[in-house]
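Chains as they are written, first to last, in numbering that gives the first Met the number 0: chain G, 0 to 191; chain W, 0 to 252.
None of these hints come from the bench; they were simulated from the model.
Note that beta-carbon positions come from the ideal geometry of N, C-alpha and C, so glycine has one too.
Hints are supplied without guarantee of correctness; some may be wrong.
[Said to hold, decoys possible] Here's a subset of chain W near chain G, in silico, CB distances under 8 Å, partners left out:
| hint | residue |
| --- | --- |
| 1 | A59 |
| 2 | W62 |
| 3 | Q65 |
| 4 | R92 |
| 5 | I93 |
| 6 | A134 |
| 7 | L140 |
| 8 | F141 |
| 9 | A148 |
| 10 | Y149 |
| 11 | V152 |
| 12 | V169 |
| 13 | A170 |
| 14 | V173 |
[Said to hold, decoys possible] Calculated pairs, DSBU-like style, for lysine-lysine (alpha carbon to alpha carbon, straight line, at most 35 Å):
| hint | chain 1 | residue 1 | chain 2 | residue 2 |
| --- | --- | --- | --- | --- |
| 15 | W | K24 | W | K85 |
| 16 | G | K120 | W | K24 |
| 17 | W | K2 | W | K86 |
| 18 | W | K151 | W | K24 |
| 19 | G | K111 | W | K86 |
| 20 | W | K85 | G | K120 |
| 21 | W | K2 | W | K27 |
| 22 | W | K86 | W | K27 |
| 23 | W | K151 | G | K120 |
| 24 | G | K111 | W | K24 |
| 25 | W | K85 | W | K151 |
| 26 | W | K85 | G | K111 |
| 27 | W | K85 | W | K27 |
| 28 | W | K85 | W | K2 |
| 29 | W | K24 | W | K2 |
| 30 | G | K111 | W | K2 |
| 31 | G | K120 | W | K86 |
| 32 | W | K86 | W | K151 |
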Amino acid sequence: MIQWLPYLFLGLLLLAVLGWWVWDAIVHRSAAELLTPRQHRLGAESVGSRRDLGERIFGPQDWDFVVRETPPQIQRMFQRDRTLLAIAWLRRTRIRTSQVMHAHVAVARQSKDVQIGMEVKLALSYLLFLILSNSLIGWVWLRGPVQTRRIVRQTLQWVAWQRAAFERLMAVVDPANHKALETGFNQGTAQS
Amino acid sequence: MLKHILWWTANFAEVLLLARSIQGKFVKRYPTFYFYLGSVLIVSLLRFAVFTFRPSSYPAFYWYTQYFAATVGYAVILEIYSQIFKKYRGAVRIANGLLLCILAAVILNIVASAVSGSAWPPGETMAALERDMRALQSVLLFVIIALLAYYKVPIGRNLIGIVVGYSFYVATSVMSLGFGSLPGFGSRPGWRSVLPMAYLATLSIWCFTLWSYHANPEPGPESKIERDYRFLSEQTSRILSRARSLLKMGGEL
């Protein structure tokens, strides 16, 4: 019976990658196409405030106030709500990195200068990043945002750096769209 | 009884698919795929003739023709590969590299087996030979689908149907033939009915997606594509490694 296992594994692996592709190409992408323009615009407007939001979610000020002024029941409610907020914020951070990867893939698939070694390296690097970011989300879910604020402080520094790098990248990949984003961002900052 | 129903339904579906492709004038768009479908239909009718007039020759005839169908199946993979990647120079370059690696690995394996003299025939029985052929097909399809998903190559309804249907059939074949070629399991009739059922499911997918012609979406305009790949990949690499190292650092705190 053990001789059968490699063939069973191979068949299941093919079905799994097929399922993933069908989900991504048909179900997920059609929904994403409807949502992308709106998300894109919102992203451009709130880039400046996103870091502040993260600092507020993971910062000790609110928690210190709640511990000092409220009964344990309210403290538990606060922790539960903050965990949900923190996870949502981390997911948005992950989406931003995925946008960088998607921008790269959109160019690479049609570029005649594409290098196999570089592509494999990038794919593995992205996979590792996804594993790590999902682990961080899991960690926040388990321990709550207050206990994990030191970890998230590092992430906040990275988000600021990533924003600058992403803008540099978009300036090269798609200058017209980048200019529009920049204008939107400046307007958003001026309004806020 | 179930076998006969499956057999006649599959033949009917194949005739229907071929008729629709000729009527809709899109048989020339996927010539290799329709060649495969036509071959399978002819083989099926020949089997029926052999089963009716020379039942004693049927088992041997079945496995020889099954081997032929598996060989022609490579043409479907070629069709998928050429249709999907023909307008994506980057993706086709990566696909070529990976498929050549697989080919080299298979050749090395065959040469190593020949030199050691242990297992030169790839299979002990026809079922095992077909199993190995389907296993190689599943690896090729795995690479193609993984690249399709990774590069998010947009494809039309017809090609989605061909990829999904054929991959499903190959995956089921690998598992059922792997089970059927185990010592003592080959004679059990149960596993043999899995393949006709899987093939009928595949034909249903093809009937649904290949009822009329749907062209593949065209890639984006050239002006946005011809960017400096080296700069782009360096930037992406830096972003990813920085992201990873910071998350790792966070995990250690």
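A quick look at each hint next to the structure:
1. A59: violated (24 Å)
2. W62: This hint is violated: W/W62 lies away from chain G, its Cβ roughly 18 Å from the closest one there, beyond 8 Å.
3. Q65: Violated - the Cβ of W/Q65 stays beyond 8 Å from chain G, reaching only about 16 Å at its closest.
4. R92: Check passed: Cβ of W/R92 comes within 5 Å of chain G, closer than 8 Å.
5. I93: holds (6 Å)
6. A134: holds (6 Å)
7. L140: holds (6 Å)
8. F141: holds (5 Å)
9. A148: holds (4 Å)
10. Y149: It holds, given that the least Cβ distance between W/Y149 and chain G is near 7 Å, below 8 Å.
11. V152: The hint holds - W/V152 has a Cβ within 8 Å of chain G, the shortest such distance being about 6 Å.
12. V169: Check passed: Cβ of W/V169 comes within 7 Å of chain G, closer than 8 Å.
13. A170: holds (4 Å)
14. V173: Interface hint status for W/V173: holds (4 Å vs cutoff 8 Å).
15. W/K24 x W/K85: Answer holds: W/K24 to W/K85 is near 22 Å, not above 35 Å.
16. G/K120 x W/K24: violated (44 Å)
17. W/K2 x W/K86: violated (43 Å)
18. W/K151 x W/K24: holds (29 Å)
19. G/K111 x W/K86: holds (11 Å)
20. W/K85 x G/K120: Distance ~24 Å between W/K85 and G/K120 Cα, so the pair holds.
21. W/K2 x W/K27: Status holds; Cα separation ~33 Å.
22. W/K86 x W/K27: Holds: W/K86 and W/K27 sit about 19 Å apart, inside 35 Å.
23. W/K151 x G/K120: Holds: W/K151 and G/K120 sit about 18 Å apart, inside 35 Å.
24. G/K111 x W/K24: holds (34 Å)
25. W/K85 x W/K151: holds (14 Å)
26. W/K85 x G/K111: Holds: W/K85 and G/K111 sit about 12 Å apart, inside 35 Å.
27. W/K85 x W/K27: Answer holds: W/K85 to W/K27 is near 17 Å, not above 35 Å.
28. W/K85 x W/K2: At roughly 40 Å apart (the allowed maximum being 35 Å), W/K2 and W/K85 break the hint.
29. W/K24 x W/K2: holds (33 Å)
30. G/K111 x W/K2: violated (51 Å)
31. G/K120 x W/K86: Distance ~24 Å between G/K120 and W/K86 Cα, so the pair holds.
32. W/K86 x W/K151: Holds, at roughly 13 Å.
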